[in-house]
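Chemist: Each chain, written out:
Protein chains: 2
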Amino acid sequence: MNRPFNFSAGPAVMPTAVLQQAAAEMLGWHGSGMGVMEMSHRGKEFGEIYAQTLSDLRELLFIPEHFKILFMQGGGLAENAIVPLNLSKGQFADFVVTGSWSQKSMQEARKYCSAHEAANTAATGHTTLPTPQTWQLSSKPAYVHLCSNETINGVEVHELPDLKALGCEAPLVIDFSSHVASRAVDWSRVGLAFGGAQKNLGPAGLTLVVVREDLLGQALPICPSAFNYKTVADNQSMYNTPPTFSIYVAGLVFQWLKLQGGIKAMEAQNIAKATLLYSAIDNSQLYFNKVATTCRSRMNVPFFLRDENLNEAFLAGARSHNLLQLKGHKSVGGMRASIYNAMPLEGVQALVAYLQDFEKTRA
Amino acid sequence: MNRPFNFSAGPAVMPTAVLQQAAAEMLGWHGSGMGVMEMSHRGKEFGEIYAQTLSDLRELLFIPEHFKILFMQGGGLAENAIVPLNLSKGQFADFVVTGSWSQKSMQEARKYCSAHEAANTAATGHTTLPTPQTWQLSSKPAYVHLCSNETINGVEVHELPDLKALGCEAPLVIDFSSHVASRAVDWSRVGLAFGGAQKNLGPAGLTLVVVREDLLGQALPICPSAFNYKTVADNQSMYNTPPTFSIYVAGLVFQWLKLQGGIKAMEAQNIAKATLLYSAIDNSQLYFNKVATTCRSRMNVPFFLRDENLNEAFLAGARSHNLLQLKGHKSVGGMRASIYNAMPLEGVQALVAYLQDFEKTRA
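Chains as they are written, first to last, in my numbering: chain A, 1 to 363; chain B, 364 to 726.
Bound-form chain A, shown alone (with noise of 0.2 Å):
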């Protein structure tokens, strides 16, 4: 079945085998008489997709047992949020800002506890990521809150930080919602990590938390009972009803990542079309890209026309190549290619076509 690209950030493309297999067991699951919709989270056969998607999750991202997978809902925003409440104790937590999403995270903390900046890249317009050994740590935060991969801005974080070589105790909080899946976790130096499911995960609505075992029981009084992380666990995520069908939907996407190879395979590929893309960029007199180039995320990829006045022709030109999606987020103008693990080489692949005849056509 032939369909457009989908830059989008997110909601995002989804597997077109997913997409099929969804809408194929939409009336009735596996002989069962039901759709996945319509089952009992309590149920047995709930109970076997959700046990599925668990431990495929579990194997795909290599995930240790001493971390706790927690299904939640509310999205990034929400866990800015629940975050604090959970491991905050009130205290002092720390701030890595890499841009627009990190920013937001360390606002939102200040209604729990005392947010410290300990580095902004606000100077460079989020183009560049300060390294590990310049960062002001306090002297014993709660957490320290690191954004891996920025939406908007463009940036990812490579390797993960080591907090103990640095001298830092504290656990890593990291919030992956852009790239995770699309690559290994060194799982030795987090904490946390959560992330919206809705750009490499899933449907928008579902939240994934992984959790070291250590790290629960620590919730403020005030935290809501649905978002207190040892609730969660305790509850295996069914203390409030869970979004069943947005999990069975990412437990599709699980079993089809594991179809393609895996995460090392995926990020094999997601190398490959990023170097692909961004090789093209750099390699123009129309486009340019803003990001230090040890910086720069597989995943979105910022990018701007010399002449702003063509945006228009380039975005409708686009869409008459069924590439979509395509236009920047509004806080930093221009263009963003979302490059998403379900984004096949092929879309890359049209959209470097097209960014070439564009750049020709305009010559």
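The hints are simulated quantities; they were obtained by calculation from the structure and are not laboratory data.
Any given hint could turn out to be false.
Below, simulated DSS-like cross-link-like pairs (lysine-lysine); rule was C-alpha separation at most 25 Å, straight line [claimed, not checked]: (1) K104/A / K593/B; (2) K264/A / K230/A; (3) K111/A / K474/B; (4) K89/A / K627/B; (5) K452/B / K593/B.
Use these hints to put chain B onto chain A, whose structure you have.
Modeler: Below, chain B alone, put in the same frame as chain A:
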């Protein structure tokens, strides 16, 4: 298409036509080249879906213009915290405890305010409803909470209380999760209504909040931004990424409800279904329902076999007759038939026929 009849209390049966349309549009919505799951929530395609869903819901439930409709996440259990975070001002709130759900609401609210028990039907096993004239309201509560249909206990408030007539100026908050859209709501008596979607509106993971505008803007400073009603309202439910696919499916349900003749037609059908089922139970020697006749829920019908040793045989026989998910909630035992909007009259007729057959074979 013949499907079994599914009496799950939620997530629950969906209209077959809705599931068929969702399946048909899964890979491409209205020629957009994108499935709904793949659309940016800020794009024009999803904007159309959102606007239509909102306007259909307002029309269906006759929601006055001075109420805001919010699409949120976390279900009823999250709202148990979110309501007092937004409305209690840290002061007093009154709770009418008529079953498991209102009990949980009161308990959670104690984190944020002084929760006062205005009435409690525990002495009757929550099989009755206290008349509003007997409620012990506090002098100036920030709001009065009432669960207008208790899913587990099977009691339903058939006329909302007029708090003003009771000398109380506080807004009435109703948890209408399990009977929303099954009957008309007297909005002149309501300040705020909330409900998880997974019983009568659509997929789990979507929460509907309908709130009078003058109640916005009073949230406690510790309220997470993503759950601050004013923030959600000011951002048309897109402060955080909304559960887009669930909103779309709920929108299909609203279109289906309009085709059925709207809420008045559904209410007539729900009365017919409930009357048929309660009559069969009351007229039998084997089955009984404990709820006072004036308080019985049209949506959730718990019943018991006088010989509990027959429970397993009853459930196995039901399954073999394509009657699914009839086991009662673990906290009360017995059986429960949830007969939401999407359960056709034929489903209740089939259940009644089975009830009678099973009783005959055991006589």
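Chemist: Are the hints correct? Go through all of them and say.
Modeler: Hint check:
{"no.": "1", "hint": "K104/A / K593/B", "result": "18 Å, holds"}
{"no.": "2", "hint": "K264/A / K230/A", "result": "31 Å, violated"}
{"no.": "3", "hint": "K111/A / K474/B", "result": "16 Å, holds"}
{"no.": "4", "hint": "K89/A / K627/B", "result": "51 Å, violated"}
{"no.": "5", "hint": "K452/B / K593/B", "result": "14 Å, holds"}
In terms of the numbered hints stated before, the structure departs from hints 2, 4, listed from lowest to highest.
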